[in-house]
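K.L.:
Since the structure of chain A is already known, use the hints to place chains B and C on it.
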Amino acid sequence: MLEATADPRFENISAKLHDHAAAHPGFSAQLSIRIGDDLVLDDVVGTRLDGGSITGVYSVSKGVAALVIAQLVHDGALELDRAVIDYWPEFGANGKTAITVRQVLSHRAGLPLAARTLAIQELADAGAAAVLAEQRPLWAPGSAFGYHALTIGILMEELVRRSAGTTLQRFFDTQIREPLGADFYLGLPADLDHRYRWVEDPRLDPTQAAEVASRPPVDDLAAAVFSNTDAPDDRSPQGVSTNNVEIRRRGPAAIGGVGNTRGLSLLYAATLPGTRRPIANPEVFADMAQQQSWGIDRVLNVANCFGTVFMLPQPRMPFGCVGAYGHDGAGGALAFADPATGVAFAYIPSPMQYPGGADPLSIELARDAMLVVRASA
Amino acid sequence: MLEATADPRFENISAKLHDHAAAHPGFSAQLSIRIGDDLVLDDVVGTRLDGGSITGVYSVSKGVAALVIAQLVHDGALELDRAVIDYWPEFGANGKTAITVRQVLSHRAGLPLAARTLAIQELADAGAAAVLAEQRPLWAPGSAFGYHALTIGILMEELVRRSAGTTLQRFFDTQIREPLGADFYLGLPADLDHRYRWVEDPRLDPTQAAEVASRPPVDDLAAAVFSNTDAPDDRSPQGVSTNNVEIRRRGPAAIGGVGNTRGLSLLYAATLPGTRRPIANPEVFADMAQQQSWGIDRVLNVANCFGTVFMLPQPRMPFGCVGAYGHDGAGGALAFADPATGVAFAYIPSPMQYPGGADPLSIELARDAMLVVRASA
Amino acid sequence: MLEATADPRFENISAKLHDHAAAHPGFSAQLSIRIGDDLVLDDVVGTRLDGGSITGVYSVSKGVAALVIAQLVHDGALELDRAVIDYWPEFGANGKTAITVRQVLSHRAGLPLAARTLAIQELADAGAAAVLAEQRPLWAPGSAFGYHALTIGILMEELVRRSAGTTLQRFFDTQIREPLGADFYLGLPADLDHRYRWVEDPRLDPTQAAEVASRPPVDDLAAAVFSNTDAPDDRSPQGVSTNNVEIRRRGPAAIGGVGNTRGLSLLYAATLPGTRRPIANPEVFADMAQQQSWGIDRVLNVANCFGTVFMLPQPRMPFGCVGAYGHDGAGGALAFADPATGVAFAYIPSPMQYPGGADPLSIELARDAMLVVRASA
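Protein chains in written order, with my numbering: chain A, 1 to 377; chain B, 1 to 377; chain C, 1 to 377.
Think of the hints as simulated: they come from the structure by calculation, not from any bench.
Treat the hints loosely; a few may be bogus.
Residues of chain C clear of chain B, computed beta-carbon distances all greater than 12 Å [stated by the list, open to error]:
1. Ser14
2. Gly26
3. Gly52
4. Ala83
5. Gly92
6. Ala164
7. Ala213
Computed footprint of chain B on chain C, listed as stretches where at least three residues anywhere in the stretch have a Cβ under 8 Å from a Cβ of chain B [what the hints assert, rightly or not]:
8. 131-139
9. 294-304
10. 315-323
Every residue gets a Cβ at the ideal spot worked out from N, C-alpha and C, and that includes glycine.
If we strip away everything but chain A, and leave its shape as in the complex, we get:
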């Protein structure tokens, strides 16, 4: 069910997606691939989503928020290697005066956890930022990194407030989303709620369900990071997802994005060299794609690899060629740009995939896309 431009080179990729759907009843997914500005594959499988559906994509939002950072860097409003306190003096408390913007944006600042429980209403709020500004880093700043699952969004938002005098969400909306016509939102307007598809819990097979049930009650850093709000980490209307209208409306940069793969791929395409509507100079993205963090993530305890905001391909998650940049999300979504091949890629599954993070299928489809382009180059 190819919906748009059908580049025959991508037929096998489409077939693989459809085969997967056929083998997994109840599975649905959008897949959009662009080469430069051209949509070369726009596909959808299953019945939960159609090609135009919009849904929550969790941390894929971080990569979208990074586009705002990129534009501010391009404009000279924000310099990545300056100290955060140059923009945000209060941030210097408790040993944080030397921390740079880039360290904050590459999960190195030691602030993965707010010192107090945050209200959901604060997630895109200067009040949450003030909590982080005051506290002591968990690690010697710069000495380690660990996924700032919620807090990197709070920190990005405050940096935008301080450097641009507006909110990250408003900046995104007026400077990026509208000009590009991208079907992706940080803060979904109420009049688009009718297009929103509920984020659904993963369907667990008995082995997975037993695995989840057997997990001991934990009280460690990762658990603390994911229970750092006053809301349950679930898909209920009160939980920490875009199913919660408080989150959907505010669109916190860390997890609050709503959209589809057409929109995501359009956004990433606008970062590639040669695009007709550049968000920033490609040099800015090349700089943000430079690796800042590699090794065992102190929070997630798995190998991770980050540039400035963006996730980078690495052995555990080899989604693109050297130089690619993007982000995955808890539900299995993945979006990225790959300058080496000119590919902008976006994938959103529904329901959420277990155990979370980029669906292995998305990695496989992404690699296939790279190989297709390389083979025909």
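P.N.:
For chains B and C alone, coordinates are given in the frame of chain A:
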């Protein structure tokens, strides 16, 4: 056989310890848990130890020695971020002028191994420190970390000599142990020898024995670190343990501590906010609990996590909440404080547990304690 | 078939090599061990190589090129902790002004991959260096390390050009190889081609062959690093090995060395304290053996450990005592010096061993040699 204040919330923890003992004939252990200054569980199982017995706890001693460092920092006699050479000029030889006190105290200085074999009599001695002062670091200082099993004690001791004009052991005795009345010693007086219980080798099951027997003869960094003295690394009266009277009397900071869980929990309780008899401002401990080292330990080749002297909870050893600090020992003992719950925890098994380091049972009991307090908060 | 000085202490090591050969038909290997300047074992098994054969040893070449660096450091022509731009101003482009010589030489500069495909003819050429000088590092310089499989050679060569005014190959030939009379070449003269033995592909058993066949097509950093030239990564006369006359003649420092274990062990012996013909002060080698990089190699995704150019023993590859330095090669060869025991060791197998890097047998033989010397000390 609950021996002291019985807080009913901890009955299940006591029961777990007793069940373990019932299932493991020959196993003995002390367990003391305080909340703030109150001893809420003081338990003992088996026949090797009674509640008041004192025995050797190996590297748990490092955490006790850290209390001396904390008091010196509190007093302003020692600053963690100053260069070691500010206190100890000779230390600067062979490329070590920029090394900070904090790097030395977080296993980052590249001195896990003395350049020559040390005599047991030197272990708490300025002569051993002079050897380390002279040598070249094994790694570019600060670029990596690895467990300074013996040498961190030698380095702490010299820093105390230089900054306080007395020995770490005397400082501990007069400024910390006596005022608190803690049943824990760095240098056991001869008149307490009658209370000392021998450290016993682990009892290996056939699988473990085969595992040990099949180990190839090694000549690598870890082996060198553990054979850096002129004494065998065993439990004989001539070996590297407090069974050796030379070690028991001197109480080297790295491995020479002798005491019981009542004493250890009392010491850690005196580090918590709100304690009646603080060793130092809680801010000092919060600073020392900031992570300095995380990743694969170059000496032990396992994931480790250190603050300044203290071990921190981490996925391989999740003993406490975010912010906890303590230390384990080769025999299986564990002691720590957890500011988030107000818990001070100490556990000492006998005989030693295989394969060494915090007994998995101790981690389980510690996590249970956290959950009990959290649930009743 | 002991060919030279037979020190009876090494008979068991010789026997182990011969047993291995007997159990693996078609296997051939050279093994030379010196203690100080004395050749205490010079052995060969199988029919592919004889004691005097010369063949390609891939990255073992890097350790030989490091001898040139050492001599330049000894002479004061090159300082490891100076910025590269002090010698090579053009290198400073794209954020590389602060990178030190030592970072470049310990795989930390973020340049494991040339920005464009290199011609084989460029591998020992200033043109290749110019490509690296211009590009942006893949990671924030100094923040990570990853095997610069080809590029470390290009970088060493340019540093020699800039600091010594000659090529690394010519410097090696006139200052090191000829004076020592070492049978090892960076750039094999045509009149020695008759002694060259072809590098042969590994013989795979069915399990290994299936393993190789089942590898997915990859397009990641490691693959990019190993396909960074216009030649296939194979053993054909056109491939990236010394079977290719373009490579054999030029002797690029990263992979182009040709020689035998007598030559390699002679070279490493000339780095040890007390040698009659020192290449540099032993202090220079002690400094170059200081660990600069440890952890998960960003390119190879395995634990690696590097000093300045040299590989160091570590748990995954425990070839020597603390303080040893050397290098392995893709085909299974290994050569190193061990100051603690005075051993200089070299091993070359043929055909190449699967899966590559130091043949496990070589590690075993090396450890046996250490233990023999230690036992008889």
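K.L.:
Which of the listed hints are broken here?
P.N.:
8
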